[in-house]
Amino acid sequence: MSSKSEIEIETESPPLFNYLKQKIPLEDIRDYASPRRITSIDFVKGFAIVFIILAHTAEGWLDSESFYMYGIMYTLLDILGPSLFVFMSALSVIFSIKRKEGVLPQKIIRNRIFTRGIVMIVIGMLTNLVGIDQTTGRVIVIIFGWNIITFIGFSQIFSYYALKLEKKWRILIGILIIMLSPFLRAFLYEGKEADNLILTFFHYFVTSPTPHLTLLPWISICFISTIFGEYIFEAMNKGTQDAYIGLFRIFFVWGIIFLLLGIFLFYPNGLNLTQWQPGWALQTPQSMVGGASEYPHLKLLSITNKQEYFEIPGMPSFLIRGTSANMFYNQGAALLIISIFFYYIDLKKKSNNFTNMLIYYGKVSLSLFLVHFLFIPLFFNQFGIALFLIISLSYVAFLGIFMYGWNTLKV
Numbered sequence: 001m002s003s004k005s006e007i008e009i010e011t012e013s014p015p016l017f018n019y020l021k022q023k024i025p026l027e028d029i030r031d032y033a034s035p036r037r038i039t040s041i042d043f044v045k046g047f048a049i050v051f052i053i054l055a056h057t058a059e060g061w062l063d064s065e066s067f068y069m070y071g072i073m074y075t076l077l078d079i080l081g082p083s084l085f086v087f088m089s090a091l092s093v094i095f096s097i098k099r100k101e102g103v104l105p106q107k108i109i110r111n112r113i114f115t116r117g118i119v120m121i122v123i124g125m126l127t128n129l130v131g132i133d134q135t136t137g138r139v140i141v142i143i144f145g146w147n148i149i150t151f152i153g154f155s156q157i158f159s160y161y162a163l164k165l166e167k168k169w170r171i172l173i174g175i176l177i178i179m180l181s182p183f184l185r186a187f188l189y190e191g192k193e194a195d196n197l198i199l200t201f202f203h204y205f206v207t208s209p210t211p212h213l214t215l216l217p218w219i220s221i222c223f224i225s226t227i228f229g230e231y232i233f234e235a236m237n238k239g240t241q242d243a244y245i246g247l248f249r250i251f252f253v254w255g256i257i258f259l260l261l262g263i264f265l266f267y268p269n270g271l272n273l274t275q276w277q278p279g280w281a282l283q284t285p286q287s288m289v290g291g292a293s294e295y296p297h298l299k300l301l302s303i304t305n306k307q308e309y310f311e312i313p314g315m316p317s318f319l320i321r322g323t324s325a326n327m328f329y330n331q332g333a334a335l336l337i338i339s340i341f342f343y344y345i346d347l348k349k350k351s352n353n354f355t356n357m358l359i360y361y362g363k364v365s366l367s368l369f370l371v372h373f374l375f376i377p378l379f380f381n382q383f384g385i386a387l388f389l390i391i392s393l394s395y396v397a398f399l400g401i402f403m404y405g406w407n408t409l410k411v
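Mapping of the sequence shown onto the numbering used here: residues 1 to 411, in sequence order.
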């Protein structure tokens, strides 16, 4: 009788409110049944969400004279934002599945993954309802768009099926998606411009009106991250120092390899499969098919050049979100960041108030992401860089206190 009730509890759909108030199950990617916990996982997620909040507040709060700093810092530090956050979230499917294998039927495990993913997609679509056209400044209504929340929800479901493939097939499919995505997106864009209804539909689904994290090539993360998620889970089950050192080496070495591939490997240039360019090749809105409408990161080039000190002729491909070079570069950076913090926090056992704070931020990172938008409209284009740093870091601290108080409320 007790086992029956336990299964019934497992199959309950988590209330939407719990995704905001409680420590979200999606975010809890530690394996509580393992001999040891990898606390650096939560730390890295907290690290990522802090930089995401700083980037969003900088866009709204920096004054016109300091706004070029937003372009520079966003370009250079984008590896610490959505790509790292999505990579860490995609890892969670491994823990959600592996913890329950042999305890619950596969159907129940699948239903829980689907429930989480669908709830995330719904939340993401709700945040998409109203947006601002960055070209015209007009308020627009958007039904569908690939923002961070929507993509994480979709990746939860997709990663469940990707995990069923062998590792060699996952890495092969992931690399093929990364390499071919710019060509496919350019093909769909040209079809849309030619008023081809079928290609316009597929372009809308793949790119969407908010192409922050487009389906291609970002879906490749589902294939690649699940491989490294399995390595983490295996090391956690062993719980030995040797297993953890081996895990560190895997993440560190592959992080360097992916990073170098992003910078130095040659990639096809849009629709021209005979012309290949290195990841460090400079690009402008005019040199890429679709320009800034397909790759919004290109807008940072003009923002960066809104100062009198220097002029940057173009952005390296590996820094433009959504390019093949950028996907290798970002995932390499994610692996390196995870390995570095894993070394200091889990292997060397370094701990202080700062690390504990970011670990907590990691546990409630999705809630922080949703809540932080509420207070951004309080200021618009009012702060220089020095005052912005003081106000924004205080805002990050306030959000942490706010979430802690909210989570301790009795309802």
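Calculated directly from the structure, the hints in this document are not laboratory data. It is possible that part of the hints are untrue.
The calculated SDA-like cross-link candidates involving lysine to any residue, where the alpha carbons are at most 25 Å apart (straight line), are [claimed, not checked]:
no., residue 1, residue 2
1, Lys350, Leu336
2, Lys164, Phe266
3, Lys107, Lys167
Ranges between beta-carbon positions, derived for each pair [unchecked claim]:
no., residue 1, residue 2, range
4, Ile257, Glu65, 38 to 46 Å
5, Gln286, Pro105, 53 to 61 Å
6, Phe379, Gln106, 43 to 51 Å
7, Trp169, Phe373, 33 to 41 Å
Glycine is no exception: its CB is placed at the ideal position from the N, C-alpha and C atoms.
Against the structure, the hints come out as follows:
1. Lys350 / Leu336: Holds, at about 18 Å.
2. Lys164 / Phe266: violated (31 Å)
3. Lys107 / Lys167: Since the Cα atoms of lysine 107 and lysine 167 sit roughly 23 Å apart, the hinted pair holds (cutoff 25 Å).
4. Ile257 / Glu65: 38 to 46 Å: holds (41 Å)
5. Gln286 / Pro105: 53 to 61 Å: holds (55 Å)
6. Phe379 / Gln106: 43 to 51 Å: Since phenylalanine 379 and glutamine 106 have Cβ atoms about 50 Å apart, the given range 43 to 51 Å holds.
7. Trp169 / Phe373: 33 to 41 Å: Distance hint for tryptophan 169, phenylalanine 373 holds at roughly 39 Å.
Violated hints amount to a single one, hint 2; each of the other numbered hints is respected by the structure.
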